[in-house]
Amino acid sequence: MKKSVIITDKLTKRFGAFTAVDAITFEVTQGEIFGFLGANGAGKTTAMRMLCGLLHPTNGRAEVAGFDVFRQREKIKQHIGYMSQRFSLYEDLTVRENIRLYGGIYGLKTNELKTKSDTLINRLGLNEEANKLVRSLPLGWRQKLAFSVAILHEPSIVFLDEPTGGVDPVTRRQFWDMIYETANAGITVFVTTHYMDEAEYCNRVSIMVDGRIEALDSPTGLKKTFSADSMDEVFIQLARKATRND
Amino acid sequence: MNAVEVNNIVKSYNRGKPQALRGLSFQVQPGELFGLIGPDGAGKTSLFRILTTLLLPDSGAATVLGYDTVKDYKIIRRLVGYMPGRFSLYQDLTVAENINFFATVFNTTVAENYHLIKDIYQQIEPFKHRKAGALSGGMKQKLALSCALIHKPQVLFLDEPTTGVDAVSRKEFWEMLKKLKNQGITILVSTPYMDEASLCDRVALVQHGTILDINTPQGIIQNFGKPLWSVRSNDIYRLLNDLRAHDATYSCYAFGETHHITLKEDDFPIDIIYQYLQSKRHESIEIQQIKPNIEDCFMALME
Chain A
9 MKKSVIITDK
19 LTKRFGAFTA
29 VDAITFEVTQ
39 GEIFGFLGAN
49 GAGKTTAMRM
59 LCGLLHPTNG
69 RAEVAGFDVF
79 RQREKIKQHI
89 GYMSQRFSLY
99 EDLTVRENIR
109 LYGGIYGLKT
119 NELKTKSDTL
129 INRLGLNEEA
139 NKLVRSLPLG
149 WRQKLAFSVA
159 ILHEPSIVFL
169 DEPTGGVDPV
179 TRRQFWDMIY
189 ETANAGITVF
199 VTTHYMDEAE
209 YCNRVSIMVD
219 GRIEALDSPT
229 GLKKTFSADS
239 MDEVFIQLAR
249 KATRND
Chain B
81 MNAVEVNNIV
91 KSYNRGKPQA
101 LRGLSFQVQP
111 GELFGLIGPD
121 GAGKTSLFRI
131 LTTLLLPDSG
141 AATVLGYDTV
151 KDYKIIRRLV
161 GYMPGRFSLY
171 QDLTVAENIN
181 FFATVFNTTV
191 AENYHLIKDI
201 YQQIEPFKHR
211 KAGALSGGMK
221 QKLALSCALI
231 HKPQVLFLDE
241 PTTGVDAVSR
251 KEFWEMLKKL
261 KNQGITILVS
271 TPYMDEASLC
281 DRVALVQHGT
291 ILDINTPQGI
301 IQNFGKPLWS
311 VRSNDIYRLL
321 NDLRAHDATY
331 SCYAFGETHH
341 ITLKEDDFPI
351 DIIYQYLQSK
361 RHESIEIQQI
371 KPNIEDCFMA
381 LME
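In the order they appear, the protein sequences are chains A and B.
One rule links them: number in our numbering = place in the first sequence (from 1) + 8.
One rule links them: number in our numbering = place in the second sequence (from 1) + 80.
No wet-lab data here; the hints were simulated from the structure.
Where hints are given, some of them may not hold.
[Unchecked claim] Quick list of in silico lysine-lysine cross-link-like pairs, BS3-like style, CA-CA up to 25 Å: (1) B:259 - A:232; (2) B:259 - B:198; (3) B:97 - A:140; (4) A:249 - B:251; (5) A:249 - B:97.
Build out the structure end to end from the sequences listed, making use of the hints.
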C-alpha cells in the first residue's frame, strides 16, 4: 500500500464564532493527483493554508509530509511546493533570477541550484529567454515555469491553487501533461480548479460545502453516487445545498 | 444601426511588444448577447476599454449606438454600463452606499430604476450595510452588475464577470444575463470559459489580438469540418501517449474523462485504432464519434 502524505483528522478552523473549516477528515497518498473542489467561500483556501503551514488550526489533527501542522509548520514549508495563479513568479526578475530566488528560499545549495537551473531551462526550451524578464514571457510559459520552480526542490507534495485560470485550452492541457508527469515521478499533486473537466483528470476529488467535505471519491465513483453524467453536475448538486451566504 | 461597430482596431502598448489588438472588426446588433471568448492576453480587456472610451486605439475606429468612441465619448459614457474584470467598486463603502453613489453620478436615483436591478439587487439587499470589501465573490459580482445597470444603459459591457467564480454562481450569473437580454439591453460579455459560448447569440473567438472565428455557437461547431472521436480506456494517461504515438492521429488531447482525437484522413477505419489499443493492452476501450464543442473548435482554430 502507498503511504499517505496528507492525513487530517477532524481538522477545524474557527474565526470567532465562524467555523470556516469544520472537522475535515481525509488522506492523500503518495503520487496521487487530488482535486480539492468547493464553491467560493466553502473553506478551501483556509484548509489549504492550514495544510501549507501558514495558518494555525483551531482543533483536530493533521500531518503533511510526515510533519505536524501544529508544531512543525516550518518543516512543512520546506517539504512542500506551492503555486497559484495570483502569486507565483516575480515579473521584474529574469527567468534565471526567479529560479535562483526560489531555489534559495527552498534551501538548495549553490552548486545544486546551478545544475538544476540549467537542466530546467533546457527542458522548458527557455534558453533564449533565460535572461529576459518574466514579464515578457507569454502567460502559458510563465505558468509552466512557475510550476517547475515550485517542484525544483523535489517536495513530497505540491499545492496548486487554480493554476490554469485564464490560460488558453491548449496550454491548459500542456499544463496537465506536466501534472501527470509530476505525479508519475512520485510527487503528490493537490490541486484546486474551477474547470470541471479538470476535476475528471484527478485520481480522486473532494468537494467542500459550508466548511465540510461533503463528498470524496474518484470522479467515476462520484458520478455513480450522484447519478450524474459529468463532474459539473455532481458539483452543482452539492454546491446548491450550501446555506452559507459568504 | 448596429449597437456596436468595430472597424480594423489596432492597439499596442509598448514598442517591440506584440500588438494587443491586431486589426479587429465586427458588429453587434441591438439586443444581441455577444460573447468574446478567449484566454488571458487575447485582447478582450483592451477592446472593452476602447469601446467604453477609456482607451484610444492606435488606428481604426469604433462606434457604440452610432457614436464615435473618440469624438463622442461623453455621450457614450452616459449610454453604456461597464463592469470591469477586477472588482472596481469602493471596498470601504457599504453595498447601499456604492449603489447610491453610482446612481448619483449618473444623475438618477436607485428608486427610479429599481425595477432594472430588482432581481439581482434583492439577493444582496440583506447585506446592504456591509462594506463591499467584505462581500463574497458571488455577492461582489451581483453588486458590480447592479451598479453597472443603475443608470439604465442601452449597451452593457461585462469584462470576464465569471472568472474565478464557482460553477454554481456562474450558472446563476448567466441566468441573470438572459433576463437582461429579454429587457432589450445589448450585452457584450467576455469570458475565458469556452463552455459559456453556447449561452450567447453569437461569439467571436479571440486569440493574440485577432479573431479566429465569428459566428453563432452552432455555426462555429458546424465548421469544425472533421470527424471527432472520443476515446477512453482503463489507463487514461497511458492512453493519451499511445494515441499520440499512432501514425494516423492528427490531434489528440485530454477532455474531461476521455480523450478527443481527429485523424489525418477522415475515412481512416477507426477499428484499426481500436485494435492498436488492444495490442497495447488497454482494457475497457470505448471509441465514439461525437459532436465537437466550442473548446474543440477553439483548439482546432489555434493551429
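Hints, verified against the model:
no. : hint          : result
1   : B:259 - A:232 : 34 Å, violated
2   : B:259 - B:198 : 12 Å, holds
3   : B:97 - A:140  : 13 Å, holds
4   : A:249 - B:251 : 15 Å, holds
5   : A:249 - B:97  : 48 Å, violated
Checked against the numbered hints listed earlier, the structure breaks hints 1, 5; every other hint is satisfied.
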